[in-house]
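Here is what each chain is made of, one letter per residue.
2 protein chains.
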Amino acid sequence: MRKQPYKIYVLRIGHRPERDKRVTTHVGLVARAFGADGIFIDYADNHVFNSLVKIVNLWGGPFTVEVGVNPLKMVREWKEHGGEVIHLTMYGLNLPDVINEIKNSSKDKLIIVGAKKVPKIYYLLADWNVAIGNQPHSEIAALAVFLEKLTDGWVFNSVFNNAKLKVIPSARGKKIVKL
Amino acid sequence: MRKQPYKIYVLRIGHRPERDKRVTTHVGLVARAFGADGIFIDYADNHVFNSLVKIVNLWGGPFTVEVGVNPLKMVREWKEHGGEVIHLTMYGLNLPDVINEIKNSSKDKLIIVGAKKVPKIYYLLADWNVAIGNQPHSEIAALAVFLEKLTDGWVFNSVFNNAKLKVIPSARGKKIVKL
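Protein sequences appear in the order of chains A and B.
Position 98 of the first sequence, counting from 1, maps to 98 under our numbering, and the rest follow consecutively.
Position 96 of the second sequence, counting from 1, maps to 96 under our numbering, and the rest follow consecutively.
Okay, chain A solo, but in the shape it has when bound (with noise of 0.2 Å):
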């Protein structure tokens, strides 16, 4: 389990079901194996909701994952409830500047990833909006990155639970443990 004494949420807007399943799957996935304790997603895009319960069922959790939800609406409760939001762009302040600031803050985090432009009532209501560097990448690697540092590399000492399927790290080849 992380050390951090607060939640964390990724909360996926703007998800096109035409052309975003792959990259979304690839932000839930990513949530979940750097520490995050879920993801919620703007579309009801059943194919992405299944990709991740997959993923949950064959490697473990806790990792929850609910689409459809309205982002708005859950950006303000979460505000409301005491939580703080943090949103990734390639505009906020960079990483460095920000990070031990909401680190040590002990509030629930959500943190929001866009899919398409991002509409600016979001970089209005985010307590923080950070950028991993200030050039264009991708919404995948800047989450990466935010839960590496903000969990202090919980993701390269992982533990879930109730996994069906574990990796032995090595130099070559592939060796995988069914539990």
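These are computed hints drawn from the structure, not numbers from a lab.
Sample of chain A residues facing chain B (criterion: CB under 7 Å; computed from the structure): (1) His26; (2) Ile55; (3) Leu93; (4) Ile140; (5) Ala141; (6) Val155; (7) Arg172.
Straight-line distance between alpha carbons at most 27 Å, and here's what the computed DSSO-like set of lysine-lysine pairs gives: (8) Lys178/B to Lys120/A; (9) Lys174/A to Lys120/B; (10) Lys103/A to Lys175/B; (11) Lys54/A to Lys116/B; (12) Lys103/B to Lys7/B; (13) Lys117/A to Lys178/B; (14) Lys175/B to Lys116/A.
For each residue, glycine too, the CB sits at the ideal point set by N, CA and C.
Fit chain B to the known structure of chain A by using the hints.
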């Protein structure tokens, strides 16, 4: 410029034009933003090529893009010329156990990221098979975290030449300067 004395290139293998365009484009953008010198892609996908070159033209370089390379020939020649090959895979040795040795070697580095299942020959030819945690997630995330560690966070202090656009980090909203 990076302080590392070696070249860093990314080799994308197994690219399928009908389904990997966006993920491979993200791989290329991450390679550039996180300090690689260029990317090689096995399949000659002009759409991906044009997307990446457009970013280099707008946001700066140097960063080279080459498509349609023979990946096995390239890996063999890379090694013959004294470079080392790092294959990112969830089955590999966990990054914290190998990163210092990789960082301290002065050899030029070719980093392989696979799309579809990677043939066994690459596991055997690679000097290092490296996992960013041993859970399923994303080659985009793996490349980002690996490069961030390899370059001591160059992404957060990156400098690009001949950029036409630059972001001014901002707590709220978007500030872009035309150079």
